[in-house]
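Enquirer: What follows is each chain in one-letter form.
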Amino acid sequence: MWMDLLPIALLGGLLGLDVVSFPQAMISRPLVAATIAGTLIGHSLSGLLVGAALELVALDTLPFGASRYPEWGSAAVVGGAIFATHPEHPAGAMEVAIIASLSTAWIGGWTMVKLRERNALWAARRRAALDAGARGTVIELQLLCMTADYLRGALLAAISYAVFAPLTTFAITKWGTDARISRAVVVTLAASVAAGAAWKIFHSVSGARWFFLGGLAVGLVIMATR
Amino acid sequence: MTARAIAPMSQPERRTALPLRTQMAMFLRLLAIQGSWNYEILLGNGIGFCVEPALRLFPEGIHSQHFKDALARESKYFNAHPYLASVAVGALARAELDGEPPERIERFRTALCGPLGSVGDRLVWAGWLPFCSLLALLVFGLGGGAGLVLLVFLGSYNIGHFALRLWGLRTGWNHGMRVASALGNPVFRNGPQQIARVAGLATGLAIPLALHRVIGPGRVLLGGVLVCVVVGALVLVRLQGRIEGWRLALFLLVAFALFSVAH
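Chains as they are written, first to last, in the working numbering: chain R, 1 to 226; chain B, 1 to 263.
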């Protein structure tokens, strides 16, 4: 576990940076971040599975303007890495990996707010130079805040992984619910959140609900024939 | 404030194109436009950071008062969707290099904030992003491997993302202070509705197939899960505004984990 901590921290920093600061190419979305983390540990499919479940949940939290939202980049790295360290997928592994991700995303959202407050303080301290149009100050402020964001994500991922990885190992040894039932509980919750979020986003658009029902019918037919 | 900064440039001095190197520098900086986002000036410093390569084209150079006045003006409070802020960056760079009066630029800057925020939120955050996410989940549900799922998501999303930033920079530069007309583009007016319909279709297709892939075979269990998902979604829609779905999911999962460990 300790060998994995540094690469996970570096990856967590990088993907945490993508959420807002640079380049917002959505490599921080859970589907991507968890899969990359799984690949880093050596089991991309595990990362993909946990990433898909988290992506369903993440549909509920879109990054509108100055609103407060969970930070999925570092969080999904933690979940993907934890689940990938148990590639045989024992009962409890996915559940605790998802709990780890959701908790980290929650704390990550809070750390982003604190960072934005800190950025404001740094900007205020440089007010005179910014008002004078000092080129070096504009660039320095931008780089300083981005570096702080990277460190925030890296630290968050490292601490969260250090806490949740042993907790997952412990939970797996004590887990008393059947593996498939456990996984069914996770995806039921994730898909409920996704369906509720999709309704919230699309219900006001005329015809969208018919497209949804049409898609659902086709999806169920494909599922039944598999 | 110098007289040069206030008086518009004479027509022959106006630039018609930005050098490619400047365009590239501005585009790369646009990717970091939110790097110093904060609750005081929001995107303000980011706008100054992105416009700065264009301001270097002032004939007087970067040590002139003209350059400093322009950079100070562009680094003040600004708010917009990060991708569509490229429109503002292009238009403001044009306005500064064309020597528009500072008070006109400041009014123009203020007027840009609202539309560039709301249009971008509807088109990208409430449209393109969930659509690409659901498309990738559909590919996952159909059995796609990790590489394919990531390729579909990152490929589709970033084609739109980079195209929008590039279009914004070019449109802003080409239209300058008359850029408002470009925001009447049909993509902005009708795009969100069209994307929402296709995303609705993708939601219906993706959710059952993704569930099937994560849980594995077993129709009874899958049927039960689908019924529970419908009930759960209805409950969340009814609870809208009182609790966020992801937080509720976390609380329920923690309760389930405690039960399973103590069981």
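Quick caveat, the hints were computed from the structure, so don't treat them as lab data.
Treat the hints with care, since some could be wrong.
[What the hints assert, rightly or not] Lysine-lysine pairs mimicking DSBU-like chemistry, simulated, CA-CA at most 35 Å apart:
id : chain 1 : residue 1 : chain 2 : residue 2
1  : R       : Lys-200   : R       : Lys-114
2  : R       : Lys-114   : B       : Lys-76
3  : R       : Lys-200   : B       : Lys-68
[Claimed, not checked] Derived list of chain R stretches under chain B, where covered just means 3 residues or more per stretch with a C-beta under 8 Å from a C-beta of chain B:
id : stretch
4  : 78–90
5  : 139–146
6  : 152–161
7  : 192–205
[What the hints assert, rightly or not] Output of the computed footprint for chain B on chain R, the stretches with three or more beta carbons under 8 Å from beta carbons of chain B:
id : stretch
8  : 22–35
9  : 43–57
All residues carry an ideal CB built from backbone N, CA and C; glycine is no exception.
Enquirer: Are the Cα positions of Lys-200 (chain R) and Lys-114 (chain R) separated by 35 Å at most?
Expert: 29 Å, holds
Enquirer: Holds or violated: Lys-200 (chain R) and Lys-68 (chain B), Cα atoms, limit 35 Å.
Expert: Violated. Lys-200 (chain R) to Lys-68 (chain B) sits at ~46 Å, over the 35 Å cutoff.
Enquirer: Confirm or reject the coverage of the stretch 78–90 of chain R by chain B under the rule of 3 or more residues with a beta carbon closer than 8 Å to the chain's beta carbons.
Expert: With 0 residues in contact (Cβ-Cβ under 8 Å with chain B), the coverage given for the stretch 78–90 of chain R is violated.
Enquirer: State whether the coverage of the stretch 43–57 of chain R by chain B holds or is violated, taking the criterion as 3 or more residues with Cβ-Cβ distances under 8 Å.
Expert: Result for this restraint: holds, n = 10.
Enquirer: Next pair to validate is Lys-114 (chain R) with Lys-76 (chain B); report whether the Cα-Cα distance is within 35 Å.
Expert: Satisfied, since the Cα-Cα distance of roughly 21 Å is no more than 35 Å.
Enquirer: For the stretch 139–146 of chain R, does the count of residues with a C-beta closer than 8 Å to a C-beta of chain B reach 3?
Expert: The restraint on the stretch 139–146 of chain R holds, since 7 of its residues have a Cβ under 8 Å from chain B and three suffice.
Enquirer: So is the stretch 22–35 of chain R in contact with chain B by the C-beta rule, three or more residues under 8 Å, or is the coverage claim wrong?
Expert: holds (count 10)
Enquirer: For the stretch 152–161 of chain R, does the count of residues with a C-beta closer than 8 Å to a C-beta of chain B reach 3?
Expert: Since three or more residues must qualify, the claim that chain B covers the stretch 152–161 of chain R is violated, with 0 doing so at under 8 Å.
Enquirer: Three or more residues of the stretch 192–205 of chain R near chain B by CB distance under 8 Å?
Expert: holds (count 12)
In summary, the numbered hints that this structure violates are 3, 4, 6.
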